[in-house]
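Participant: Sequence:
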Amino acid sequence: MQELNDAPLAPLTTFRLGGPATRLITATTDAEVIAAVREADDTGTPLLIIGGGSNLVIGDKGFAGTALRIATTGFALDGTRLELAAGEVWTDAVARTVEAGLAGVECLAGIPGSAGATPIQNVGAYGQEVSSTIIEVIAYDRRARETVTLANADCVFSYRHSRFKADPERYVVLRVRFELEDADGLSAPIKYAETARSLGVEPGDRVPLATARETVLKLRSGKGMVLDPEDHDTWSAGSFFTNPILTDEDFAAFHARVAERLGTDVVPPAYPAGEGHTKTSAAWLIDKSGFTKGYGSGPARISTKHTLALTNRGLATTEDLLALAREVVAGVRDAFGITLVNEPVTVGVEL
566 MQELNDAPLA
576 PLTTFRLGGP
586 ATRLITATTD
596 AEVIAAVREA
606 DDTGTPLLII
616 GGGSNLVIGD
626 KGFAGTALRI
636 ATTGFALDGT
646 RLELAAGEVW
656 TDAVARTVEA
666 GLAGVECLAG
676 IPGSAGATPI
686 QNVGAYGQEV
696 SSTIIEVIAY
706 DRRARETVTL
716 ANADCVFSYR
726 HSRFKADPER
736 YVVLRVRFEL
746 EDADGLSAPI
756 KYAETARSLG
766 VEPGDRVPLA
776 TARETVLKLR
786 SGKGMVLDPE
796 DHDTWSAGSF
806 FTNPILTDED
816 FAAFHARVAE
826 RLGTDVVPPA
836 YPAGEGHTKT
846 SAAWLIDKSG
856 FTKGYGSGPA
866 RISTKHTLAL
876 TNRGLATTED
886 LLALAREVVA
896 GVRDAFGITL
906 VNEPVTVGVE
916 L
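Letter by letter, the sequence shown follows residues 566 to 916 of my numbering.
No wet-lab data here; the hints were simulated from the structure. Computed from a predicted model, the values in this text were never measured in an experiment.
The list that follows gives simulated cross-link-like pairs (lysine to any residue, SDA-like), each with its CA atoms no further than 20 Å apart:
{"#": "1", "residue 1": "Lys788", "residue 2": "Thr869"}
{"#": "2", "residue 1": "Lys853", "residue 2": "Ala818"}
{"#": "3", "residue 1": "Lys858", "residue 2": "Ala848"}
{"#": "4", "residue 1": "Lys756", "residue 2": "Ser723"}
{"#": "5", "residue 1": "Lys853", "residue 2": "Arg898"}
{"#": "6", "residue 1": "Lys788", "residue 2": "Thr857"}
{"#": "7", "residue 1": "Lys783", "residue 2": "Ala690"}
{"#": "8", "residue 1": "Lys844", "residue 2": "Ala690"}
{"#": "9", "residue 1": "Lys858", "residue 2": "Asp793"}
{"#": "10", "residue 1": "Lys844", "residue 2": "Ser696"}
{"#": "11", "residue 1": "Lys756", "residue 2": "Glu746"}
{"#": "12", "residue 1": "Lys788", "residue 2": "Tyr860"}
{"#": "13", "residue 1": "Lys756", "residue 2": "Leu782"}
{"#": "14", "residue 1": "Lys844", "residue 2": "Glu694"}
{"#": "15", "residue 1": "Lys756", "residue 2": "Glu694"}
{"#": "16", "residue 1": "Lys858", "residue 2": "Ser846"}
{"#": "17", "residue 1": "Lys783", "residue 2": "Glu795"}
Sequences are here, hints too, so could you generate the full structure?
Facilitator: Structure representation (structure tokens):
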């Protein structure tokens, strides 16, 4: 277990932003993770868990406490069952499942971060969510001071949310177990319209696993959503805002604002989101509020490839990033009456 004092945290995040931690511990086994968590809890020391750093916005002053970087490894495949250690690089794990001929997460290729973060956020993209394949999550329960196994239903998954996200101080994910599908080398049914169009198939069709993965990677790269150290458009946390889910009443009010602002012939994006609710597109809202690709003149700007990604152009501070985010939130609220919610976790700062 490696330990550093006054350790820079910016290099551990995809934004490359944030000040130092009083202490940084890198744990490579579950036992080391648990020991570090228990020590922090026993001494009353603030604790920050870091995986791949792809969903973190750390304040410029850093973190006054112990930052625990989970760097555990483990990829165990038994038939269609997969167990991943929390520190496994997610996009590499997806590639290995495709190589093994197993379907279920191939459309989640290219998503930065660690395997342990996927159930917390209920990571999803291009028609797939990890909640549809996760069967169990093994975590350290800081309240009970023991390792627990939570079945899928116990995780209370919903859109970009889970039991772990709802109670972030309680659980530290150690391992994640998945049930994948052997479909003779084919993908799960393609659900996302953009993916289907790119593949030249109809929604519901299956395609070779490698083809599905490569297509998603190409789509993500075109939006700056695949990490590239040389491309500042990828110095981001991916989608900075979640897609709003509105009640029928709120959606009707939103639709009226769209007609007033853009004309009665403009139809805003709308997707079913459970009884009495409709999901709309954060990217569409941002664009139609005047924040187009590449917006901004400072060191933090909207990506030139995708309006949902806020980026560090290389010399930004966290406060630069937050100023841009606040401007976007205020502009969308003024234009359409909807308040966007940030997807990344903020540490020591608030939007």
